[in-house]
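**Student:** In case you want the letters, here they are:
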Amino acid sequence: MVRIGFEIHVQLGTESKLFCPCSTRFLDAEPNTNVCPVCTAQPGSKPDGINEDAVEKALKVALALGCDVVEKPLRFLRKHYFYPDLPNNYQRTSEPLAVNGELAGVRIREIHIEEDPGRYELREGLVDYNRSGVPLIEIVTEPDLRSVEDARDFLRHLRAVLDYLDVLLYPQIGFRVDANISIEGGERVEVKNINSIQSVVKALKYEIVRHKRVLSTGGRVARETRHWDEARGITVSLREKESVDDYRYIVDPDIPPYRIDAESVERIRSALPELPHQKKERFVREYGIDGSAAWTFALDKELATFFEKLVAKHGVKNALSFCLNLRGELNYRNIYFADVQGKDRFYKLADLYFTGRITKPVYIEYLRKTLDDPDFVPGAQEQLSDEAIREIALEVLKANPKAVEDYRAGEKKALNFLVGQMVSKTKGRADPKKAIRILQEVLRAS
Amino acid sequence: MPMIEELVGRMRNGELLPSEHLEEKISVLEERDHELNAFITKTLELAREQAKRVDRLVRDGKGGKFYGLVWGIKDNFALKGVPMTCASKMLENYVPPYTATAVERIIDNNGVILGKLNMDEFACGSSGETSYFGPTRNAHDPERVAGGSSSGAGAAVAAGMVDLALASDTGGSIRNPASFNGVVGLKPSYGMVSRYGLADLAMSLDVPGPIAPDAYGVALAMDVLQGYDPRDRTTVRRRLEFVATIDAFNPDGIKIGFSDVLLAGADGPVRRAVIHTLKFFEKKGAEVVDVDLPDVRKVLPVYYLVVYPEFASAMQKYDGILYGHRAGGSTLQELVSRSRGEGFGKEVKRRIILGTYVSLAENAGKWYTLALKARKALQEMFNRAFQQVDVILSPTVPNLPFPIGERIDDPVKMYMSDVLTVPANLLGVPAVTFPGGWEGRLPIGVQLMGPRYSDPLLVSAVRFFEKEGRPWCA
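As you go down the protein sequences, you meet chains A and B in turn.
Be aware that the first sequence starts at 21, since it is given in this note's numbering, and climbs by one per residue.
Be aware that the second sequence starts at 27, since it is given in this note's numbering, and climbs by one per residue.
Worth flagging that the hints you see were computed from the coordinates, not collected in a lab.
Heads up, a few of these hints could be off.
Said to hold, decoys possible - From the structure, some residues in chain A lie toward chain B, with a derived Cβ separation under 8 Å:
hint	residue
1	Thr60
2	Gly64
3	Arg95
4	Ile270
5	Asp274
As the list claims (entries may be wrong) - Calculated cross-link-like contacts (lysine-lysine; reagent style DSS-like; alpha-carbon spacing at most 27 Å):
hint	chain 1	residue 1	chain 2	residue 2
6	B	Lys375	A	Lys99
7	A	Lys99	B	Lys372
8	A	Lys99	B	Lys399
9	B	Lys375	A	Lys92
10	A	Lys92	B	Lys493
For every residue, glycine included, the Cβ atom is placed at its ideal position computed from N, Cα and C.
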């Protein structure tokens, strides 16, 4: 039996860092410009009071995941280890802020707040402290997942919850995952710092194969921490030889314990938005669509919004078919609808198609173009007049006298051939049914 | 030595120009500092510019609280653009990009900054001898130590090189050198003065405070230094009145706590000076009450077990990567180990190693946790005492200033100097030291410790002694 659990690190979208007024937008600034004495650990600097917006966002997540908020004042600990991206050589990390949650049958053990380190480029030996001090929450699950597929579905669901709560600093980054996995007969292995859901899937599959191979050859799977090597698609042992990490935790004397009052908790709880599973149920109830389609829309916040607007304009049936096509194309590209620029173009495309101004093949072609080319704006293509279609039909008949002869001799297959010719010559510029009708008229008349 | 009150008066009414006063101080500095070694960095140019500006401000009636009084700053406070070494090779070339809150408040009130003062390395020491830049010498006997860790602050004020000094106290670092140099030093209540910009020793104990030639200087300084600071969340939203209440001390109805355990291990002259001071207050109407106190010598292990892990944590940032002494190395680990190995002195290393050991997970629940419990128990014990008395009187240091080199190789003996000063830090309460006697030319400091926020009362008691009493003489 496989057991999988996660520690998920989520960068919170607050304006300022956890303990200083610097901006959190580390990607949008030149290296080492969003910094101050606090987040570069200058001698004598002290953390400001904890960023209350970070606590608020952490609570939103905790409550959305059904956690109990811890009542005693929140203390911050210092977790000591030497690394160039960590200017204090300790990380400030809170005790659990909330415990005992649950998402899709997976138990959430606890959630706590911590500060992100800077970014260290090992090869060049350069450090960018813009990210140093950005607020993170770490969501720790119990090892309740039993397969790679379940694990993937869980992470997708969690990702949707975070999108709905609007707490992510950079949606395009998402979250970082430490995965722990064990299979029956082996110890628990932790794979650290995996940057995307797809990579989690790859890393877990890799580990399962590795564990099985080790066990089947009579070896033992040691308890260890491994690193996911994205480029090589493998996990590598990180610190097998070292004994247990000792972070020498002490309570940070610079940060007075922070009391979370019950009123704030209730205020945040009552202001929680509709969550993915609620949206799915509502879609099924209100629009009568089937559960799996509703869930696939609900997992993509912007797609779900788009779906509802399309329903208002073009009805459920059309909206459903359009969004299923769109979902397929998004999946193929491994992106969320939020990642696509110029959403208006998709409304326009739907209007063109559902008012019959473009044909189905053109619609599919345009859908892809609109996704791939942010400058492409779908427009109605010039349609052939009946007269023009008739001329094409005459050309087709003239070019294929043998087929015409066969048709007149009663050979049904010949008609199919002529229809095919007709469709390919009018493709995109005429409704295929109309083209066939005109072809038959011409045949009869000649 | 002109008393601070009189000096401020002369500068306020234009009798003495801040620039002229500064030049006097500079001439004392040039005469004495090559011998005393109280300064690590002199900021003469900066001081002269400041003084000129203050000349104009005073003329325009905007003298602030300090009217151009000359300050020295212990070299563990940040002043933007001026080296901040913490008396360590590690930070020999470190120039902070920002200014400490306490220093900012001094400058805003027209204090003129003459330089950064010598100290024990990272404030680890009780004699001023662990400085990378050499020991500071006692202003009254250059063969003897100046005390520590704020050695330069004690000596510079006593020698008249500066009017006032900003120092810091974790276990006696203000009071010990003030005592050894015969001046007044206040360790304020924890949270009264912002630590923002003060390099950490032990965050839950550190507090900045002033050293001055007299109680008035301490009061004037505290009126400026105190106050809530959003950049140090351990500061409190509470204002105390110092200068306004400085003459309000009335010995009638004051209860002074005392216990023989406070004299355990004290030198003869120290005992006599303390008894003399106690008798003085009693004669003036105060009641002396025998209080039940723990054997103060038991306080030291608690103190060091709290300090070491906090110190090891605070020192973790010095790795030679972003700033500070950087040794070569082909791997990261080598670079960090070598930088720390070369950058830190012996006492600093001793405390880091012990602090690291004490806070190891395998030792969890042993010393550190026990020390935190003992600290609580101690707080309760002293709180009970403070329900009976207003202040507790004791020696500041059990011994007289000793010859340079005598104790530096015996840390246990060195640590014994701190027995009477560390309780105030463990409790977070204020304590003041003032010269209560002289053994020849060596000063003897007497300490008054009170409950939290009794700081002004303590300073006013010193003022009362200065006006009405006379130090004991051998």
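**Student:** When the hints from earlier in the document are held up against this structure, which numbers fail?
**Tutor:** 3, 9 and 10
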